[in-house]
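Taking the hints into account, I'd like the entire structure generated from these sequences.
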Amino acid sequence: MEELRFGLVGCGRIANRHAEHISNNGKLVAVCDIVEEKADTLGSKYDAKVYYTIEELIENHKDDIDVLAICSPNGLHAQHSIQGLKGGYHVLCEKPMAINVHDCGEMIKTAEAMNKRLFAIKQNRFNPPVAEVKKLIDQGILGKIYSVQLSCFWNRNFDYYKNSWKGTKDLDGGTLYTQFSHFVDLLYWMIGDVKSAKGMSNNFAHQGVIEFEDTGVVALEFYNGALGTINYTVNSYGQNMEGSLTIFAEKGTVKIGGQYLNEMEYQNIEGYKIENLPKGNSANNYGKYTGSMSNHDRVYENLVDVLKHGKSINTSSFEGLKTVEIIDKIYRSFE
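The opening residue of the sequence shown carries number 1 in the working numbering; numbering runs sequentially from there.
Since the hints were derived computationally from the structure, they do not count as laboratory data. By construction, the Cβ of each residue, glycine as well, lies at the ideal position given by its N, Cα and C atoms. Not one of these hints is a red herring.
Okay, derived cross-link-like pairs now, BS3-like style, lysine-lysine, Cα gap no bigger than 25 Å in a straight line:
1. K27 x K45
2. K38 x K62
3. K86 x K62
4. K116 x K62
5. K135 x K273
Label pairs and their calculated CB-CB ranges:
6. D138 x S164: 33 to 43 Å
7. N276 x N202: 40 to 50 Å
8. G271 x I34: 55 to 65 Å
Have a look at this one:
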């Protein structure tokens, strides 16, 4: 396989990040968006063919695209991924993989039937303190995990949701899907699968603006016996405050903090000290607000390694499904 060739579905904010890394790892052949101006702008910047429907893109590029990157609204991820897989492409799907468990299963079944790769994006796994603590857990240095506390304190104001699919039940899905699914993924990746979830939620400050909660408090029980809590909100006054994960274990306590789980804030580990962590990437900057850490370069490096060199996939579609499954358990407990 020579240079990888990409198509891109959805030309919003995150698509610009994808296009940049696609151009560093291959060629962006075609883009599409139902908002013609967005498609025209991105296509012109990268000299890519422009379409206004995914059907047109697939029809015109049956043989000259290897991977389709899905950057459309959350509620369309499953539909667009399945269309891409059936069109004969490998698919890289933005988070969340979908906004219900059934759709994730259909995506995985289609990838298997078409013998194509379905990549899920969980870029926070590459944050240096996250990767280091995961290594310590896997090596048994922390011993048995007793409990974990996840805090997600961000700000999303009215401007963020204005004239957008964000905030809608059908296309956004909920605050845990759009803002904090990466953090829920880290609970699964580092601690384990969730047996049960019980929580409460409310929409305090976004009445008439979003169709779901802006705040939630959740208690978790993991299959391995660990207990956990999630405390999340998009009502941090004026700006993002914190994204943190604190782990209490048999042989140590660690807290990964900062706004995006990007800083080692506390450690007390038996016979071990985490030192000399590399500096991580900056957060995604969207003008009036910032999002999660922009480790998409690592995502694309892994994709190239898998497709061109037969390396192992970093985040499988099964893991994407598990994140959605955990969020589904949480939301069901709110009902």
